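Given chain A's structure and the hints, the job is docking chains B and C onto it.
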Amino acid sequence: MRYCQLDRLISLDPGKHLVAERTLQPEEDYLRDHFPNFPVMPGVIMLEALHQAATWMIRTGDDFASPLVLLREARAVKFGDFLCPGDKLEITVELVKEEGSISTVKAFAEKNGKTTVSARLLLEKCSTDHPPWLGTDDIVRTQVRKKFQELYGSFQSSQNP
Amino acid sequence: MTATSEEVFAKVQTALIDALGVDDDEVKPGATLVGDLGAESIDFLDIVFRLEKAFGISIPREDLSPEDILTNGQFVKDGLVTAEGMAKLKSRMPWADLSKFEQKPRVQDFGNLLTVQDMCNYVMTKVGG
Amino acid sequence: MRWMWVDRFTEFVSGSHASGLKNVALDEEVLDEYCPGFPYLPPTLIIEGMAQLGGILVAEMFDWDKQVVLAKVGKAEFFAPAVPGDQLHYRVEIDSAQDNGAIARGTSHCNGVLQANIELMFAFLEEGRFADGPLFKPGDLATMLRLMKLFHVAVDANGNRINISDKL
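Taken in sequence, the protein lines are chains A, B and C.
If you read the first sequence in this note's numbering, its first letter stands for residue 1, the second for the next number, and so on.
If you read the second sequence in this note's numbering, its first letter stands for residue 1001, the second for the next number, and so on.
If you read the third sequence in this note's numbering, its first letter stands for residue 2001, the second for the next number, and so on.
Looking at chain A on its own, in the form it has when it is part of the complex (with noise of 0.2 Å):
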């Protein structure tokens, strides 16, 4: 997954809350047009951070049972600092509410304390939209699940005292 936005989890409730990191390494190539006197990480991509912690953290709920989660909304986001090469963010995303299929989260990311990012997603577990002869949606399940395993090793989820 070549848009991964999240190098490794530190922690993981599955379905509440998750917490991960992600470093900007000065090789990162989209630098040299964002920008080329300012090389700083675009203030979507640490967005899509806190939006793959989110689908992550909601997946890892229900053992990868939808196999779509997809964002519906981003509000109040806000981006409160730059993150340069080799800065270092911590990205925290928690379960708000969950109703119906649509879950709501808060996240938020950090540079050295301060945050730099911070919004509220909705997002909605939904099927592919594919002929149901095809299978699209067990193949997606399997696969997502592989790339989390890929990804992320299985990963002790950690238990709210």
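Source of the hints: derived by calculation from the structure; they are not laboratory data.
Do not rely on the hints blindly, as some may be mistaken.
Said to hold, decoys possible - Rough simulated footprint, nothing fancy, chain C against chain A, three-plus residues with beta-carbon under 8 Å:
#1 42 to 49
#2 77 to 86
#3 95 to 107
To be verified - With a straight-line Cα cutoff of 30 Å, these simulated DSBU-like cross-link-like pairs (lysine-lysine) come out:
#4 C/LYS2075 x B/LYS1028
#5 A/LYS106 x B/LYS1100
#6 C/LYS2075 x B/LYS1053
#7 A/LYS97 x B/LYS1011
#8 A/LYS106 x B/LYS1011
#9 C/LYS2149 x A/LYS125
#10 B/LYS1028 x A/LYS114
#11 C/LYS2167 x A/LYS111
#12 A/LYS106 x C/LYS2167
What the hints assert, rightly or not - Just a sample of chain B residues kept apart from chain A, beta carbon distances all over 12 Å, derived:
#13 GLU1040
#14 ASP1063
#15 SER1099
#16 LYS1104
Since the model is a prediction, treat every value here as computed from it, not as a measurement.
All residues carry an ideal CB built from backbone N, CA and C; glycine is no exception.
Only chains B and C this time, still in chain A's reference frame:
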């Protein structure tokens, strides 16, 4: 346009909820924008845009940010606003409750002064019925 | 990977609005294994495409004197994923601008159907506060804008072609 103070409060509340991502029960009249609601400088711009749109008014920057007064050596001495400076602030911002600030007028505290009620009062000066 | 999330400007009226296209392709790096078995364009890159259209609109409105960055996304709604073969039609309008920032609204349509709806707020960086000097080296931004065919379509409020500023 004219508006009642209830209408103004409702729209100011909505603007603050949308700009700051806070809940409606946090937006009480006495809440300070910076201290209680967590507004940062980028949020003030957002709030101004939302209020301008909601009320069809224009909000010049100096109305809410009297930086020119707070950085003027004539009105500030040793980090404290002088009596002359306070008079200037009061005439620039007659809608704001400066009484608490006046007791200890430290320039560094000014940013945390504005309350939700102050914002409503300000809007009322522009649209008051 | 280049950081250009609009393939082409199709319309640009100074101080008002801009439209552009984004083609979603199966071989795009960002789709690779993003959702294995169901490739789709990360929605945050749709936000970026509109931010680029809006940011350029705002920068041009201030005659390229401001360093424009995306500061907030008030609300971004996505109604359907954008999948390979889709062509997204973006349209961004400036809502309001002041000397330290601007807000814009954008929509994305695919096959005539609303695919996304986004509210953006831009801030203008104060000189020297974050970066020493401009964000782009001389000529960089002009090159990017030429690739996106901005100057092919850009007009002022009276319909006159906009020249390529020396400041770019």
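Comparing the hints with the structure gives:
Counting residues of the stretch 42 to 49 of chain A whose beta-carbon sits less than 8 Å from any beta-carbon of chain C gives 6, enough to reach three: the coverage restraint holds. For the stretch 77 to 86 of chain A, the stated coverage by chain C holds: 4 residues have a C-beta nearer than 8 Å to a C-beta of that chain, and at least 3 were required. Interface restraint, the stretch 95 to 107 of chain A with chain C: violated (0 residues with C-beta to C-beta distance below 8 Å; minimum three). Taking the CA atoms of C/LYS2075 and B/LYS1028, the gap is near 24 Å; set against the 30 Å cutoff, the hint holds.
The straight-line distance between the Cα atoms of A/LYS106 and B/LYS1100 is roughly 35 Å, outside the 30 Å bound, and the hint therefore fails. Distance hint between C/LYS2075 and B/LYS1053 is fulfilled; the C-alpha atoms sit about 16 Å from each other, no more than 30 Å. Taken as a hint, the A/LYS97 and B/LYS1011 pair is honoured in the structure, with Cα atoms around 26 Å apart against an allowance of 30 Å. Proximity of A/LYS106 to B/LYS1011 is assessed by CA-CA distance (about 25 Å); at most 30 Å being required, the pair is judged to hold.
Restraint check for C/LYS2149 and A/LYS125: the C-alpha separation of about 38 Å exceeds 30 Å, so the hint is violated. Taking the CA atoms of B/LYS1028 and A/LYS114, the gap is about 27 Å. The hint holds against a cut of 30 Å. Among the hinted pairs, C/LYS2167 with A/LYS111 is inconsistent with the structure: their alpha-carbon atoms are about 34 Å apart, more than 30 Å. With a CA separation close to 41 Å, the supplied pair A/LYS106 and C/LYS2167 exceeds the 30 Å bound.
The non-interface label for B/GLU1040 is inconsistent with chain A: the shortest C-beta to C-beta separation is roughly 7 Å, within 12 Å. Non-interface status of B/ASP1063 relative to chain A is upheld: no Cβ of that chain comes within 12 Å, the nearest being about 24 Å off. B/SER1099, annotated as away from the interface, keeps every beta carbon of chain A farther than 12 Å; the closest lies near 32 Å. Listed as outside the interface, B/LYS1104 is consistent with that label: its C-beta sits roughly 28 Å from the nearest C-beta of chain A, beyond the 12 Å cut-off.
Checked against the numbered hints given earlier, the structure breaks hints 3, 5, 9, 11, 12 and 13 and satisfies all the rest.
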